[in-house]
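Undergrad: This is what each chain is made of:
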Amino acid sequence: MKTNAGRFFEDYRVGDTIVHAIPRTVGSGERALYHALYPARHALSSADSFAQGCGLPASPLDDLIVFHTVFGKSVPDISLNAVANLGYAEARFHRPVWPGDTLASRSTVIGVKQNSNGKTGVVWVHTEGHNQHGDLVLDFKRWVMLRKRDLDAPAPETVVPELSDAVAPGSLHVPHGLDFSRYDTVAAGSPHRWSDYEVGEKIDHVDGVTIEEAEHMLATRLWQNTAKVHFDATNREDGRRLIYGGHVISMARTLSFNGLANAQMMVAINAGAHANPCFAGDTVRAWSEVLDKADTDAAGVGALRLRLVATKGDSGALPLRDEAGKYRPDVLLDLDYWAVMPK
Amino acid sequence: MKTNAGRFFEDYRVGDTIVHAIPRTVGSGERALYHALYPARHALSSADSFAQGCGLPASPLDDLIVFHTVFGKSVPDISLNAVANLGYAEARFHRPVWPGDTLASRSTVIGVKQNSNGKTGVVWVHTEGHNQHGDLVLDFKRWVMLRKRDLDAPAPETVVPELSDAVAPGSLHVPHGLDFSRYDTVAAGSPHRWSDYEVGEKIDHVDGVTIEEAEHMLATRLWQNTAKVHFDATNREDGRRLIYGGHVISMARTLSFNGLANAQMMVAINAGAHANPCFAGDTVRAWSEVLDKADTDAAGVGALRLRLVATKGDSGALPLRDEAGKYRPDVLLDLDYWAVMPK
Amino acid sequence: MKTNAGRFFEDYRVGDTIVHAIPRTVGSGERALYHALYPARHALSSADSFAQGCGLPASPLDDLIVFHTVFGKSVPDISLNAVANLGYAEARFHRPVWPGDTLASRSTVIGVKQNSNGKTGVVWVHTEGHNQHGDLVLDFKRWVMLRKRDLDAPAPETVVPELSDAVAPGSLHVPHGLDFSRYDTVAAGSPHRWSDYEVGEKIDHVDGVTIEEAEHMLATRLWQNTAKVHFDATNREDGRRLIYGGHVISMARTLSFNGLANAQMMVAINAGAHANPCFAGDTVRAWSEVLDKADTDAAGVGALRLRLVATKGDSGALPLRDEAGKYRPDVLLDLDYWAVMPK
Chain Y
0 MKTNAGRFFE
10 DYRVGDTIVH
20 AIPRTVGSGE
30 RALYHALYPA
40 RHALSSADSF
50 AQGCGLPASP
60 LDDLIVFHTV
70 FGKSVPDISL
80 NAVANLGYAE
90 ARFHRPVWPG
100 DTLASRSTVI
110 GVKQNSNGKT
120 GVVWVHTEGH
130 NQHGDLVLDF
140 KRWVMLRKRD
150 LDAPAPETVV
160 PELSDAVAPG
170 SLHVPHGLDF
180 SRYDTVAAGS
190 PHRWSDYEVG
200 EKIDHVDGVT
210 IEEAEHMLAT
220 RLWQNTAKVH
230 FDATNREDGR
240 RLIYGGHVIS
250 MARTLSFNGL
260 ANAQMMVAIN
270 AGAHANPCFA
280 GDTVRAWSEV
290 LDKADTDAAG
300 VGALRLRLVA
310 TKGDSGALPL
320 RDEAGKYRPD
330 VLLDLDYWAV
340 MPK
Chain E
0 MKTNAGRFFE
10 DYRVGDTIVH
20 AIPRTVGSGE
30 RALYHALYPA
40 RHALSSADSF
50 AQGCGLPASP
60 LDDLIVFHTV
70 FGKSVPDISL
80 NAVANLGYAE
90 ARFHRPVWPG
100 DTLASRSTVI
110 GVKQNSNGKT
120 GVVWVHTEGH
130 NQHGDLVLDF
140 KRWVMLRKRD
150 LDAPAPETVV
160 PELSDAVAPG
170 SLHVPHGLDF
180 SRYDTVAAGS
190 PHRWSDYEVG
200 EKIDHVDGVT
210 IEEAEHMLAT
220 RLWQNTAKVH
230 FDATNREDGR
240 RLIYGGHVIS
250 MARTLSFNGL
260 ANAQMMVAIN
270 AGAHANPCFA
280 GDTVRAWSEV
290 LDKADTDAAG
300 VGALRLRLVA
310 TKGDSGALPL
320 RDEAGKYRPD
330 VLLDLDYWAV
340 MPK
Chain G
0 MKTNAGRFFE
10 DYRVGDTIVH
20 AIPRTVGSGE
30 RALYHALYPA
40 RHALSSADSF
50 AQGCGLPASP
60 LDDLIVFHTV
70 FGKSVPDISL
80 NAVANLGYAE
90 ARFHRPVWPG
100 DTLASRSTVI
110 GVKQNSNGKT
120 GVVWVHTEGH
130 NQHGDLVLDF
140 KRWVMLRKRD
150 LDAPAPETVV
160 PELSDAVAPG
170 SLHVPHGLDF
180 SRYDTVAAGS
190 PHRWSDYEVG
200 EKIDHVDGVT
210 IEEAEHMLAT
220 RLWQNTAKVH
230 FDATNREDGR
240 RLIYGGHVIS
250 MARTLSFNGL
260 ANAQMMVAIN
270 AGAHANPCFA
280 GDTVRAWSEV
290 LDKADTDAAG
300 VGALRLRLVA
310 TKGDSGALPL
320 RDEAGKYRPD
330 VLLDLDYWAV
340 MPK
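Protein chains in written order, with numbering that gives the first Met the number 0: chain Y, 0 to 342; chain E, 0 to 342; chain G, 0 to 342.
These are calculated hints, taken from the structure and not from any lab test. Be a bit skeptical, because a hint or two may be false.
[Claimed, not checked] With a straight-line Cα cutoff of 20 Å, these simulated PhoX-like cross-link-like pairs (lysine-lysine) come out:
# : chain 1 : residue 1 : chain 2 : residue 2
1 : Y       : Lys1      : G       : Lys201
2 : E       : Lys201    : G       : Lys1
3 : E       : Lys1      : Y       : Lys201
4 : E       : Lys292    : Y       : Lys292
5 : G       : Lys325    : Y       : Lys1
6 : G       : Lys1      : E       : Lys292
[Unchecked claim] Only some residues are given here: those of chain Y computed to face chain E with a beta carbon under 10 Å:
#  : residue
7  : Phe7
8  : Phe49
9  : Glu127
10 : Gln131
11 : Gly188
12 : Gly199
13 : Val205
14 : Gly207
15 : Arg284
[Unchecked claim] Covered by chain G, according to a simulated footprint, are these stretches of chain E (three or more residues, beta-carbon under 8 Å):
#  : region
16 : 20-32
17 : 179-193
18 : 240-251
Everything numeric in this text was worked out from a predicted model, so none of it was measured. We put the beta carbon where it would ideally sit given N, CA and C, even for glycine.
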């Protein structure tokens, strides 16, 4: 067999490191496509002039371009045969990625646990993305449920990693040189600074975007994520293509500009759940809740911990979960992240 | 409220200047997308070698990339709540925009007039786009009809600006250094020069393009134009998304290559009307009429004033308007502009 | 008539050279779009770091970007009125194309043969693509069937060029400096080297992609290929747009990564047939057969001759042709090419 059949549960051993294939040079083409695919408007990733006014040499690529690229490389080795993507934790963005940088990705297995049915198991990995200089640009942990290839394979010793509920504010990496002390709120599109947001505050981001097949496929291919469920309409009985969860993350994050225009960069993802699948024709809306606030050492820079929820209906006012604790059917995404903002 | 609710009629005061948010660095990614979204073939915006043969240092970005970017920035402040986009006038392109340039946009209110119904009014603005050096790259006037937020707000003093029917040929800005004296008609794709066109001549551009939802949304987002009618299929009762009028302008202008291949650059827009809305599934065709001709001071460069009409049917031979003076229902666009051409 | 009506059979004379219009600067935007439109993952065209590890100064543009661009320029002069694209032969890639290069294209007529019906004829051309330095980057021969404009025009003297069944291995151009002696199979995504493939071996590339209207139009426009059948849904009675054959070539070649990840560059196309038309909604799959193997002078570089077949069904196991020798209806593409691979 010369084709990649993907890995199964018993192919993962705690401590193993898997170097993912196909490093990728990202540049102004990827940025333009990102801005065509999503309503991306945060000024720091839009204009060199704005970024230079914030102490950076040029406009960095949107953080989620980095996330999708590093994540996409891991798909053939980690989640090609995944029954479910169960969660993310402890994602940190370590430094900006500039047009022309080349990203590579690798994962270390940090946990395995066979399910009691004997047919599947959960694998935890720690994935790291590096640039062409070998500098870490992003790392995160995620866990997936995988089938066993051989049901008779013995269960491995259970190792469940300890994961933080949230990245501690003190360990957030604010990009070197970032300085919001002369921040231009007019150019950024909103007067609302870090001090204007209160823990518990909820923001409805107002706008909705109806999803098209062509768009989610363009996006998913751009990150070289090749899971066939996203592309092959014959793969499911209902003829629908499952949309890459990252497409919903980017859609929700960019919709959140309207209300969070100054939340310029994601610096950490604390947790994330793809609550329900998204399909073409769904109209995605988003709302955010302020979960926490923290100071940083960088000049004029505060951090805001946000819950970002995407729905496919108009249910922003309803509770996220039903009485049994299950996500309501129109909730698509429940993401918990840290962003940096001018104080 | 931290989200942008847009402005209403009574929020505009003659003489006020509004600095639009989110400057934008445009480059080779935006060019490639423009060429993927439209059948753009004018040689000057296609190849560095051709542009260098015309005295420019490199191939400038397509003029309409500049128009859409500068226009798109004004949408949240000017037309988010517009009932209608009523017209354009006196648009002039002042200098080329190069890959890597950063564009910013601002508008000054030059007219207000409350309608007799007391519920709406017309606002005229003068919008200017600048590059990162502060040089003016484009300015235009446009007027929109807006709702009043408070019907009891007093009517402002009426100010209606005087607008020219057309930009005077003497005030057209031919890009510094542009020289068509050694123009290569073979590389440009047509032997027909300025002297070959006669006032009154009509050209059917032959080809048609059927519009897709994914394409007009990609285009509109690329210019960071976020008016929700373009993206949210739940916004109208019929489930259709209204297509950004600029998408039709670009489609018609690029279709006009077939018959006007040497009309290399738009240098002014005299007037423009979006006669009827365009929806996905419409097949857009275009024809042009030569309205005027003028000489310029630049070597070998003539100017042609053109009417560019886009239709969604095959009605090029019919009159534009019915007996009551109303645009026929399949007319999408009626645009009046100046282009430069080799003499 | 200022619009291009295209050429007819009697407009071609053996020995004539037609310089195609609109040179084109290609760059990182075109690369990003190529990776969004197709599941392109060959590492050499993905990452500067990988290319530098193979002796090249940077990552070259995907070979098929070059093919489509050079081919697209020839469409208005060669195939605008084609009844059928009959075949390709003797295509050779001579040197890499780098971001920022400008491509131009010209064709010489090398054969004409009027059909016995007196209404149509076959024209053979030799098309060459050059970069801005005048260096040949690609040449190929193709032949098309064209209508006569004037049925009474006399038949020209028949000239049928001699075409090779395949480019001889000794005349393949391996890019200057390419060195696979320290090739990184992990970064490339597969351990299977040239020596692991055997003549006669067949590989099912597993994955399928369902085709969307928006995507094939974006692709086709990007190469400035303006044949109206690809864009105008009113052009056929069934309201379908015919998909540019090159879209299927790129889809199949990029799908072939899964099983041929180390077939890094196409260096020649020996033959190609678009067996049946492709339409939106079709799910494209691909398989390959190893036809031949050859050594090259470049360090560590072997050549593999491959048949690449695209189908719209799941018929990889069936014969390509029925008993009458006709391609089965679900075969889209039958392409014969040479690729280079690490030994």
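Undergrad: All the hints need checking, so say for each whether the structure fits it.
TA: Each hint tested on the structure:
{"no.": "1", "hint": "Y:Lys1 with G:Lys201", "verdict": "holds, 10 Å"}
{"no.": "2", "hint": "E:Lys201 with G:Lys1", "verdict": "holds, 10 Å"}
{"no.": "3", "hint": "E:Lys1 with Y:Lys201", "verdict": "holds, 10 Å"}
{"no.": "4", "hint": "E:Lys292 with Y:Lys292", "verdict": "violated, 63 Å"}
{"no.": "5", "hint": "G:Lys325 with Y:Lys1", "verdict": "violated, 30 Å"}
{"no.": "6", "hint": "G:Lys1 with E:Lys292", "verdict": "holds, 17 Å"}
{"no.": "7", "hint": "Phe7", "verdict": "violated, 36 Å"}
{"no.": "8", "hint": "Phe49", "verdict": "holds, 6 Å"}
{"no.": "9", "hint": "Glu127", "verdict": "violated, 27 Å"}
{"no.": "10", "hint": "Gln131", "verdict": "violated, 20 Å"}
{"no.": "11", "hint": "Gly188", "verdict": "holds, 3 Å"}
{"no.": "12", "hint": "Gly199", "verdict": "violated, 14 Å"}
{"no.": "13", "hint": "Val205", "verdict": "holds, 5 Å"}
{"no.": "14", "hint": "Gly207", "verdict": "holds, 4 Å"}
{"no.": "15", "hint": "Arg284", "verdict": "holds, 9 Å"}
{"no.": "16", "hint": "20-32", "verdict": "holds (count 7)"}
{"no.": "17", "hint": "179-193", "verdict": "holds (count 6)"}
{"no.": "18", "hint": "240-251", "verdict": "violated (count 0)"}
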